[in-house]
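Student: Here is what each chain is made of, one letter per residue.
2 protein chains.
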Amino acid sequence: MFVRSLRSVTHAPRISRNLSSHTKMSPPEKKQKTGGYSSTTCWGGIPGRGEFVRLALEYAGVPYTENNENNILSTLGNPAKIGIPPHFAPPALQLPSGHVLSQTSNILNHIAPRFGLAGELGSRLAERSEEEEAEEKPLTKEERERAEEERSTVNQLVLITLDLTAHDTHHPISSSLYYEDQKPEAARRAAAFRAERIPRFLSYFQCVLASNPATGGTTKCKGKGMFLVGARTTTADLALFHVVDGLLYAFPRRMKTLRESGEYDSVFGLHERVQGENGIKEYLASGRRQPFGMGLYRHYAELDGEE
Amino acid sequence: MFVRSLRSVTHAPRISRNLSSHTKMSPPEKKQKTGGYSSTTCWGGIPGRGEFVRLALEYAGVPYTENNENNILSTLGNPAKIGIPPHFAPPALQLPSGHVLSQTSNILNHIAPRFGLAGELGSRLAERSEEEEAEEKPLTKEERERAEEERSTVNQLVLITLDLTAHDTHHPISSSLYYEDQKPEAARRAAAFRAERIPRFLSYFQCVLASNPATGGTTKCKGKGMFLVGARTTTADLALFHVVDGLLYAFPRRMKTLRESGEYDSVFGLHERVQGENGIKEYLASGRRQPFGMGLYRHYAELDGEE
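Going line by line, the protein sequences match chains A and B.
Note that full-length UniProt numbering numbers the first sequence so that position 204 is 204, with each residue one more than the last.
Note that full-length UniProt numbering numbers the second sequence so that position 232 is 232, with each residue one more than the last.
Treat the hints with caution; some may be incorrect.
Unchecked claim - Here are the simulated SDA-like pairs of lysine to any residue, each with C-alpha atoms no more than 20 Å apart in a straight line:
#, chain 1, residue 1, chain 2, residue 2
1, B, K183, B, S203
2, B, K222, B, H299
3, B, K222, A, G83
4, B, K141, A, L139
5, A, K222, B, I82
6, A, K141, B, S38
7, B, K220, A, K141
8, B, K222, A, R144
9, A, K183, B, S174
10, B, K183, A, R144
11, A, K183, B, Q206
12, A, K220, B, N68
13, B, K183, A, L95
14, B, K256, B, K220
15, B, K222, A, P184
16, B, K141, A, G305
17, B, K256, B, G305
18, B, K281, B, Y64
19, A, K183, B, K183
20, B, K141, A, S174
21, B, K141, A, K183
22, B, K141, B, L162
23, B, K224, A, D304
24, A, K141, B, R124
25, A, K81, B, P213
26, A, K256, A, R288
27, A, K220, B, N71
28, A, K141, B, T140
I should point out that these hints are in silico values taken from the structure, not numbers from a laboratory.
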């Protein structure tokens, strides 16, 4: 358990050399986006889905306390301890009001506008200071509709990345059994996952990135963009970064083949870009990030293959 | 493919005899909540996740066209046909603006306030007509925060119900193989699912329902409420209805034992209540609802058991 102090860095995205020309201009320096959080508690559980929430908190520079007590569900599942309604599983996050939310994509969708991570328009849905409101007109109805659409598009892409989590490749029968008790089934499932699911997923995200008009994309998926929505980092970028990172850890041989095919350059480019973002860069260097190991992404050499 | 005309019924929830006294008063008759949709297109795919979206559309009385062309992904995955970004899988829904959204929970979270299905406060986030706005003060900042929290709490409960979908019990190795090619694995997985997953899920929702203060719940989960959030129907209620319905179809023997235990009376009570809601009642009687069969919920006698 730890609390760290508020970072004072800004979150202007680092612009990569590979971006197409009309996204090369530096965006204006942005104020830190802590979304009203002075600090918060994150019930992360074992390294796994909690990491998607941590990445957003680290990007926003919000200090947080980790609560990873042994039987985390005796708190999260008990209305007398956590409030109404109780929760089914970690991760969970305490909001400034004290209310606790769970379910990874739900937490991210709730905080994304507050942290400037819901796209250019989507992030304008967050409440702003009186000072900011005086400077800027409120959203019109039409703008609000478009902002809600952008926020939901970001959420949609987060959900797709979460669908790919590799958990079931090592626990296809039950998560309450050891891996050792389901090895033959895991071998079959991992083979299908490597052959079909990973390439389908990478192809899909390659097309999303390469068709993004804000970074020179075309409807034929021929661009070189490395932002999923618009030309700024969203929770979807952070989530895709983490899933690709997990796949590189769990299936290094398969991912090497796929990377070297050259078919997914924007996806691997996004992975590299996010590593250098303000907030994320410092987090990765800090030693705070929990290593992959016994959580969602595990490396078993016998489940990997070049194909 | 079909288009049906706009229903003119209202959506005041039917109040069950079993509800605790302070929710027995009839809510005011509500105007139809079509959320600005005069009609829409739903890419539902095979009976499965699309049904969660259909239930919300039917509840709201929004006419929709089903698009279930054979190779649905050749449209949904192609930016030249569907717009930006492309989609990974059905279901998808066209918004009044023309923009298409996918991912079940995302679609539901987007439309829930517009259809009055995001809770009492959460539903106030939707844009209202000028007439309605004149009658009512706009939300204060604090009200908007609480409304966003309620909307996210509804989304959280939707996500938990979707986590329970039974698909992997009959396809634990790969969805691209036939059931017949993964029968031994399916038998092992279904046994674990029946023994652990279903009771854990029903216990959790029983506690959410029985701790809901709006229907007389207590933090010891001793109430008899049948609404997940507040005292009105939300997308979470519709989703839980459908999952319980699917489990009753797929695992009739197991569910009979669990129902007769008397431990999950609020969950089974909600299932019965939702069947009688305006909009849902007519839908179930219409013959439009696709039967369970070869989709998410399948009945294989050898995967069921009383335990």
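Student: Evaluate each hint against the coordinates.
Tutor: Hint check results:
no.: 1; hint: B:K183 / B:S203; in the structure: violated, 29 Å
no.: 2; hint: B:K222 / B:H299; in the structure: violated, 33 Å
no.: 3; hint: B:K222 / A:G83; in the structure: holds, 15 Å
no.: 4; hint: B:K141 / A:L139; in the structure: holds, 15 Å
no.: 5; hint: A:K222 / B:I82; in the structure: holds, 16 Å
no.: 6; hint: A:K141 / B:S38; in the structure: holds, 18 Å
no.: 7; hint: B:K220 / A:K141; in the structure: violated, 43 Å
no.: 8; hint: B:K222 / A:R144; in the structure: violated, 41 Å
no.: 9; hint: A:K183 / B:S174; in the structure: holds, 15 Å
no.: 10; hint: B:K183 / A:R144; in the structure: violated, 50 Å
no.: 11; hint: A:K183 / B:Q206; in the structure: violated, 35 Å
no.: 12; hint: A:K220 / B:N68; in the structure: violated, 24 Å
no.: 13; hint: B:K183 / A:L95; in the structure: violated, 45 Å
no.: 14; hint: B:K256 / B:K220; in the structure: violated, 26 Å
no.: 15; hint: B:K222 / A:P184; in the structure: violated, 44 Å
no.: 16; hint: B:K141 / A:G305; in the structure: violated, 54 Å
no.: 17; hint: B:K256 / B:G305; in the structure: holds, 10 Å
no.: 18; hint: B:K281 / B:Y64; in the structure: holds, 18 Å
no.: 19; hint: A:K183 / B:K183; in the structure: holds, 16 Å
no.: 20; hint: B:K141 / A:S174; in the structure: violated, 45 Å
no.: 21; hint: B:K141 / A:K183; in the structure: violated, 53 Å
no.: 22; hint: B:K141 / B:L162; in the structure: violated, 31 Å
no.: 23; hint: B:K224 / A:D304; in the structure: violated, 50 Å
no.: 24; hint: A:K141 / B:R124; in the structure: holds, 14 Å
no.: 25; hint: A:K81 / B:P213; in the structure: holds, 15 Å
no.: 26; hint: A:K256 / A:R288; in the structure: violated, 27 Å
no.: 27; hint: A:K220 / B:N71; in the structure: holds, 19 Å
no.: 28; hint: A:K141 / B:T140; in the structure: holds, 17 Å
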